[in-house]
Each structure stands twice: as C-alpha cells, then as structure tokens.
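**Student:** The primary structure of each chain is shown beneath.
Protein chains: 4
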Amino acid sequence: MDEKKVFLVVGGDMRQIYAAKKLSEEFTVYAAGFDCCTANAENVIFIGHLLEMPQKADYILYPLPVSENGIFVNAPFCENKILLTDTLSLLKDDGIIFGGKIDPSTMKIFNKSKAETVDYFTIEDFNLMNAVPTAEGAIQIAMRERASVLYKSKILITGYGRISKVLVKILSAMGAEVTVTARKYTDLQWAEIAGCKAVYLSEFENIVHESDIIFNTIPAMILDKNIINKIKKEALIIDLASKPGGVDFEYAKKTGIKTIHALALPGKIAPVTAGEIIACTALNILQRKEDF
Amino acid sequence: MDEKKVFLVVGGDMRQIYAAKKLSEEFTVYAAGFDCCTANAENVIFIGHLLEMPQKADYILYPLPVSENGIFVNAPFCENKILLTDTLSLLKDDGIIFGGKIDPSTMKIFNKSKAETVDYFTIEDFNLMNAVPTAEGAIQIAMRERASVLYKSKILITGYGRISKVLVKILSAMGAEVTVTARKYTDLQWAEIAGCKAVYLSEFENIVHESDIIFNTIPAMILDKNIINKIKKEALIIDLASKPGGVDFEYAKKTGIKTIHALALPGKIAPVTAGEIIACTALNILQRKEDF
Amino acid sequence: MDEKKVFLVVGGDMRQIYAAKKLSEEFTVYAAGFDCCTANAENVIFIGHLLEMPQKADYILYPLPVSENGIFVNAPFCENKILLTDTLSLLKDDGIIFGGKIDPSTMKIFNKSKAETVDYFTIEDFNLMNAVPTAEGAIQIAMRERASVLYKSKILITGYGRISKVLVKILSAMGAEVTVTARKYTDLQWAEIAGCKAVYLSEFENIVHESDIIFNTIPAMILDKNIINKIKKEALIIDLASKPGGVDFEYAKKTGIKTIHALALPGKIAPVTAGEIIACTALNILQRKEDF
Amino acid sequence: MDEKKVFLVVGGDMRQIYAAKKLSEEFTVYAAGFDCCTANAENVIFIGHLLEMPQKADYILYPLPVSENGIFVNAPFCENKILLTDTLSLLKDDGIIFGGKIDPSTMKIFNKSKAETVDYFTIEDFNLMNAVPTAEGAIQIAMRERASVLYKSKILITGYGRISKVLVKILSAMGAEVTVTARKYTDLQWAEIAGCKAVYLSEFENIVHESDIIFNTIPAMILDKNIINKIKKEALIIDLASKPGGVDFEYAKKTGIKTIHALALPGKIAPVTAGEIIACTALNILQRKEDF
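Chains as they are written, first to last, in this note's numbering: chain Z, 10 to 301; chain F, 10 to 301; chain B, 10 to 301; chain P, 10 to 301.
Please note that the accuracy of each hint is not assured.
[Said to hold, decoys possible] In silico DSBU-like cross-links for lysine-lysine, where the CA-CA straight-line distance does not exceed 30 Å:
1. Lys206/B x Lys193/F
2. Lys163/Z x Lys206/P
3. Lys277/B x Lys241/P
4. Lys262/F x Lys206/F
5. Lys14/F x Lys117/F
6. Lys161/B x Lys123/P
7. Lys277/F x Lys241/Z
8. Lys206/F x Lys239/B
9. Lys242/P x Lys206/Z
10. Lys123/Z x Lys110/Z
11. Lys110/F x Lys123/F
12. Lys14/P x Lys90/P
FYI, nobody ran anything at the bench for these hints, they're computed from the structure. Remember, it's a predicted structure, so these values are computed and weren't measured experimentally.
Only chain Z is shown next, with the shape it has when bound in the complex (with noise of 0.2 Å):
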C-alpha cells in the first residue's frame, strides 16, 4: 500500500464515519459533511468547510447513494448544502473516486473529472460482504415480529443467491426446517447439500401453505394474489429484494398477513459494519490496482 495517500470522505450517515474510521487505518483520512454528528472517530480529521481541506485528495469517498438530484452530496449530517463539483475540485487529476448507487446525472458531473470514477454498489465484493448484515437484519427482524422461537419454524426462501446462502447457514443452525425454491436444478442441489429442502420454483405453491416465514430475495413478482391466498394467516413475509420487491404488499395487507419490505438492512442494523464494507471494497480495489 502507499504510505499515507489522502482520503477525503464526504458527506452520508453514520456508514461514512464508520467508512473513514476503516480508512483512516491506512490512509490520512479528511471527512466533510458531518458538523451536526458528535461523533468521534481518532485519525480522522473533521472539517467543517471543504476549503479546510490543506491538500488535494487522491481518493473521494462518496456516501451511498451519493446524490438525491446529481447537484449536492447527500449529507444528511450537515446543515449547509455542498455542491459535488466543489468536491470534485478537491481531488488530483489522477484520482479515484468512490460512490455508491451513481444516478446518471452525478455520474455526468463525475465524468466531466479526469479522476477514474468506481460505483462500489455493483462491485461484487461489496454485495457479497453486505449479505452477512443483510441476513442477521433479516433473521433480527423476524425474532422481533414473531411471538414464536424459530426453531422449528417452517421457513421459505425464494432464490438461492447471497443472501439465502447466509440465512440459510444460520437458519438451519437455530434449528428452523428451512425450504429453499429456485429456478435452476444447481441451486437446488446446492441448497440440499446445505441441509435444507428444495422445491422447483415452478412448484412451490404446493408447500406455501406450510410456512410460517417467508424471505423472498427474488426482485421479480412471486408472492403475488394466487401465492399470498395459500399463505397462513398467522405467517410473517419479509422481503429483502429491491423496491419494488416480489410481493403484492396491497393485497397481503388486505388478507392481514403481515409483511415487512426490508430495504437497506445493513445500513439500519449494523451501520458500523455497513460503513466498513464500503471502506474495504475501496481498499481492495486499490489493492488490487498495485498488484497488477
């Protein structure tokens, strides 16, 4: 790694303190944005206006998602706005910059840079770190909606990617007879070897009945009128997938099944570890960078 290249982490919640806090392990770390936040994070070094910044940057870290209109920095810590443009004149022309879910207005305004620009969010590195929060977001979410342990509850999980791979680790362990169903005949192998039950996508509405949670992590609409009507009154669905989700929230709602639309956990139940993610998939991008 380079001895002390220059970080400056700019604007977001408390993710991008805990990002700064990750970074400031190997970088001199400036963080703008935070003047209403009393928090305190040793070696990193707080500035109220971006003009404090003494240096130009290599490195900008952008909070996720890192614009609501492509013109200032989602900041929700501080109470003057700041422009992106100004922030982007802070960092060297060879510069990396690092965002999160980049609209394609502020990816425009990120193009104009000479800097390099890296959306952190479609890095597979950060998605696969981010299903270990996502999955005890989920399972903490279910302990405290239920008024039954989930052992020996009936568990359904739609899709078998990240997310299912951890929940179901978990699950099995607590002792929840856990049912995985999915399109491709791989996926359901997989789940099997890892101790749960598998059941054909195109199938699975013969045991919907049965279960007393429901995960889908499938962004397409599966839980829809005819699903969510051989649903238990009693059952509980939460669904982990991006909005617009894979359930007829509408009509389960009007059947009285209880439905959580879960976005976001990582950030909301373990933000210290959410604002690590972000800092180390930057890291191994630029560790990466050296390397080869």
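With chain Z's structure known, arrange chains F, B and P on it following the hints.
**Tutor:** Leaving out everything else, chains F, B and P in the frame of chain Z:
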C-alpha cells in the same frame, strides 16, 4: 392418553392462553381469569367466573408464578381477584395441580388439598425446552443493541449449561468467534467439540479484554469489578443468570459498559413458545404417569 | 415424463448397473455388456447380445468413458467386444445418446447417427452431484492414511470450487481447522462465511508449513518444489485435481512426504451413488426437454 | 507444573509411545518394553532393560490394559517378559501409578505399593476425549463398508451419550438424515436441538425399517431378533457398545445383514490420538492435584 379429561387453566398472561390452546388438542380445557383479554383460542372454553365451571377438573394449570401472595392467583388479565382456595375446590380429589415457581405459602395451601402438586419450574424438561427461547432472545438482544454484525464478533460465554450450548450452536453458525469459560474440564472439551475456544474459569480474566459481547449464564458474581476493569468500553454484557445475576451492574454502569440483565426471556420474546412449553411439560408428566 | 420409453444401457462397470436400476423406475431398461457380472437389478432386462433387443431404444446410455479406442464400447464386464456402430443401429432416429467423456473419434461415430448426443461429463448437474462422493472419498482416504483424528488437525484446501465447498462443510463439523487458499477475494469471503480461515493463493506459502493435510483441487502445478520444501514431513497431500494434478509427485516422494492422487473417487468409493448420479443427470436433461 | 519430574512408560503398543512423546513435553520420560519397535520419539529415553533406569520415577504409566494375567506387563513390543513387581520397585514411595482397565489381580499388586493408583480408563476426561476418535472410526467404517455416500443416507443411532453426540454432529454436516433413539425425553430434546429426528426407544421398532445404517451405542440387547427382522437386508449395523455389545450377531448373520462389532477404535484407527489422550488424562490428573 385418557379420553378428554378436563383441564382448568387459571390466571397468568398470554403464555397461559397458548398453554390452554396446546392442551385443548388432548383435553377439554376451561380457562378462567382472562376477561380483559381478547385472545381467542379455538376449542378453549373461556369462563367469566369459576362458578360457570360445569364439572370438576382432573388437572389445574396455574401460571408462572402461581401467586404473588399465597392468597390470590396471579391473574393480570382479570379485574376480579381469584382466590387460590376457590380454584382448588374445582379439582377432583385425585387431581393434579401444575404450578410454576410455587412459593411456600401457596404450597401450604396446595398441600391441604388431596391432589398431587407438581412445580413445573423445577422439571428438567421445562428448563431444557426453555433454553431455546432464552438463547434466541439473548441473540435478538445482542443484535438489537449492537451496531455491528455478530459475524466475526468476539463473544465470551460463561458457563456451559443448557442455554450456553444453544447459544454456541447458533453463534458459531453465524460466524462469531465464541469462547466458553467454565470450571470443568469436560465442559471445556464439549465446548471445543462444538467448535469454540475454551478457557478455564480461573484464567478467563486474561482473555476477557478481547470480547465484544459477554453472555453470562453463571448465577454467581463472575463479572466483578476486577473483570469489568478489563472489559472494552464498547463491549456489551448480557446477563442471563437469574437474580441477582453474575455482574456488578453498578460498577459496570459507572465505567460506561452497557449491561442488560435479561430475565424471563421466553415469556417476553416468544410467549407462544413459552406457553406451549408449559403445556408440554404437563403433558410429558401425565404421559409418564400413564406409561409406568 | 413419457410413458415407458425405452433405455438401452450398454457397457461399463457397476455404476452402469446402478444407473440402469435407477432409470428402470421410469423407463423400460435393457442392459447389454454384463455377462460376467452377477449383479441383479430388479426391473432391468439384461440381454446377452444386442440382437436380443426386441425393439429400438429411445435413448442409449454409454459408460464413463464411452470407449477407449473409438471402436468398441468400454465394457469390462463383457467377454465379447461390442461395436459402437452396432449399438447405434438400435437407436431410433430421433433418439438421444448419453455418453461420458466422449473422445473425438467416438464423437465422430455418434455424429454420423441422426440422434442427438449429450456428454453428461460436461453437464454442471453431473459435476455438482459428484462433488459429494468425491469429498466423502477424500475424507475417507485422509482418515485411513493418518494415525491421528481429523478433529483439530490443520487442513489446507486449495481452490474453492464444488468439491472444496463440500469438504469444508464436513471437515469444519469434524472440528478440523480448515484454511482455504484461492485467487478470488469473493471465494475467500465465502470460505470465511463457511467458517474457515482464508488466504490468498499468492500468500499461502507462508502458512503451508502448519498443515497436517493438504487437499489440492486446482488443476495446475500448485504444490511445486518450493511449496513442498515448506511442508511438514509427516503431512499428507491428497490431490483431487484431474491428471496431471497439481503436485510435483516425484519431488514429494523424494522428500518423503506422502501424496495420493485420488482420481475418479465416486466410482471407486460409492459406485451406487456414482451410477445414480449418471442416471439423474440423464433424467434431468430429459425433463428439461419436456418442460420447455 | 513441577520441573521435570520423571515418568516411566512401560509396555503397550504404539499408543504408549505416543503417550510417552506427549509426556516428554513436560517430564523426563523413560520408556521400557519397546525393543522390537523402531518408532522414534525425540526426547523419550528408551531403555532396553529396567535395570538401566538411572533413578526412581515419580510416575509410572502402564498400558491399556495393564496386564493380561496380573503378573507380567502387557508388552507386545518386547520379547522378554516384564514383571509388574519389577516395575513397581522403580517407583518412588509417594509416586502415582497410571493404568488402564486394571484387573483385580493387578490391582492387588498395585495396592501393595505405597503409591497411589489411578485407572485412567474410568476417568470421565479419558472417555470424553475418546468419543472423538471412536466416532471418526465409526464413520470411516461406515464409509468403507458401503457403496453409497453418507449424504442423504438414513442413519439410526441408539443412545445419546458422548459418542452419539459426536456422531450426530459429523453425520448431520455430511447431510445424512439422522434419527436418535433414546429412553430419556431430555436426550431426545437435545438430539432435536442438534438437528436430528428423535424417537423414544420404546417406539423405534416402528422406524427401524427405514435405516440404511444403524450405530448402536447402548450396552444392552437392543437389536434383538425382533428388531433385526424389521431391518433392510442391505443395511449396515455398526455396534460400538463394549462386549457383548447390543446386537444379536448370530441372528443378524443368518438373515444376511452385515454387522460389525467395532471395539477399541481409537487405538486402531488413530493410535497417535489414542496415546495422546492417555497422556492428557494423566496430565489433567496431575494438574488438578497441584491446583487444590
């Protein structure tokens, strides 16, 4: 099992209602003491007053605890007071009384009746079954109170009884780094077989500074001033030992370490399960009487 | 599924017989090439000569490998040679040929027929299903060859593909201390989630001296002279990568380190399972053809 | 620990040599009775004859079993007979004798010496530590004897003591479908928490026909004629209970069901581990004497 013997379930909170529901799978069940409660439990016959009981009961199920004063049944869902002696007059002479945590003055009253008395709180079955909701509740608290995931967190568990064993199974699957400390060599061996590190109780003070979360299950002053001085300020202590617990709470508070004395978790986090466990304990006892 | 279509199973060892048995649950199955074999498989019709076949087959299942010379079927249980072309003449024009590891000269012959050809050895289903018997076989070898338990032994696994994942699951539950080394960060992440230590392939030479057992799954010269020099003399190397493997066997022998190149484990240690996997792969392919 | 007290290790097979090696980490160790053995164990001083012993020993370690006749030490690696009384004359008056499975006539001789006698075979530590090699050995046998994988095989385990618990942990991770049968409700509860099905011993005859493999750990005639009649012909029975075991072996043989009475597995499949366990048991005992 006998054909439809009669159970009278009297007093208590939601757990008693779920116990009644479970018992109604095999018995005719009357429930008294729930007039302020809107819960419905198919097949359970709710009676507004003991006088409405059309026949004598073979068994009575009292709540946990049975009474707070040895005179009235503990019945938070009932506006009118229910005399213990009134309930006993509804029990057949060869009946059985099931009560939880029966205090001496209540026991005196029970002993005056000809019926046999069983304190289910002292039954091994009951305590083992409750290890699961206790462990799940403890994990839920740990998740809720921390801003990091349990994955890779360093967890210390004192003692290796029922609750610890369930905690270890779940936390290991979650990827936490679990260390168990106990007095007996065989307990440490079992903890290692379960995948933990294991440390003699006489030596755990040397490793306690590494812990992010400490679950205490030993009903003795284990986490005293000396130990607390060695614990990280950001650590979380969850004491699962019954009152007075095993933590110097006052001193921990002074040092700013967060402590939670988590008591009676099954009833709080999983009342359905807690009620069913009470019912199952009674059912097991009745079944054994039949078998032998 | 079709009503009793006809399968001809020809040649091969015990695996083919178990495959025939499995297929006979859904098809009329004829088996040729087993005259020196006393195995019985209810519902399978053994024929002594191809001429005894009373009807054309919808499907033919050849063994793994199909042929050693592109002329005769690989048929170790049969005294007489069976010509590939003779068998093909028993297949319907719209039939399907299933063969394993089809060599180019055999493929030429198959291509002359109008039937479709499937090499099940290249199908993902087949390879995933075989990960389980391969891992179990590898563990059996490790147990047999060592005078210590696997519990608490230090195990290194190179690569994190199918077989490694199954190995990790079992060995971790056995209490072994498993380290995975691989190239990709996400593989290392998954290995950690599975409960292992994880080390970049570029760095594993620094920890290889600790290993009691090394399972190699990477088909490249991973355990070369340099690495072997760092391995304990009492260590055991089990190479699971297909020929030529990933170990400098000559050099390991010189240094006195025990190495085993464990090839084709499913057929050797679990022929029933290996045969059923071949049948299941064919069944899956037929089922998918129907579905779409 | 004392500074270099003296241990005399006498007689026995490879296990004794590994025990001596382990003890030599903390003691000065002399080993007698190994003249036909080429094993080398650094730091252990092999003596050809007891007379070569230059000083009296603080402790003597005898093998498992100590003697077959109460006169000579059990010493299969030694051509000359070694008198028990000769060895005792080399022990200090306040010494400690460690022996395994001490028979009454040997015990009489030990009792004549002033030294304290410990039968490590009766120590809980010893038996628990041996559960691991016993379970691994049992699984190795099951793998070797069967032509199918353990994955998804249906396994019945009778009893839920030490060995069963280790078996359950490993077999469940291997994806076997494990059922435990035992007498006590709490044992069944623990088995369920460990992820198994659980059936009362009084009812297991109703499910025994499903089993592919049966591990018996109960030292009583559990698998009698009646039960054997219900077991599949292709099933494998592995009896781990000490002689006479829990299987009607004669009858099983008649019916063609394969049975294996697997005794003394640790010494057979993992002599290094078995020897270290003997040493550890002695070390634990010495450590406790010091502590209190």
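**Student:** All hints, please: hold or fail.
**Tutor:** Hint check results:
In summary, the hint linking Lys206/B to Lys193/F is supported, as the alpha carbons are separated by about 29 Å, within the 30 Å threshold. The suggested pairing of Lys163/Z with Lys206/P holds, with an alpha-carbon distance near 15 Å, which does not exceed 30 Å. For a cut-off of 30 Å, the pair hint linking Lys277/B to Lys241/P stands: about 24 Å separates their Cα positions. A threshold of 30 Å between alpha carbons decides the hint, and for Lys262/F with Lys206/F the separation of about 28 Å falls inside it, so the pair holds.
With a C-alpha separation of about 26 Å, the suggested pairing of Lys14/F with Lys117/F holds against the 30 Å cut-off. Proximity of Lys161/B to Lys123/P is assessed by CA-CA distance (about 39 Å); at most 30 Å being required, the pair is judged violated. The straight-line distance between the Cα atoms of Lys277/F and Lys241/Z is roughly 24 Å, inside the 30 Å bound, and the hint therefore holds. For the proposed pair Lys206/F and Lys239/B, the alpha carbon gap of about 28 Å is at most 30 Å, so the pair holds.
A distance of roughly 28 Å separates the Cα atoms of Lys242/P and Lys206/Z; the hinted pair therefore holds under the 30 Å criterion. Our distance criterion of 30 Å between C-alpha atoms is met by Lys123/Z and Lys110/Z, whose separation comes to about 20 Å. Pair hint Lys110/F plus Lys123/F holds up; C-alpha atoms about 20 Å apart against a cutoff of 30 Å. As the CA atoms of Lys14/P and Lys90/P are separated by approximately 27 Å, the hinted pair is consistent with the 30 Å bound.
Of the hints listed earlier, the one the structure fails to meet is number 6.
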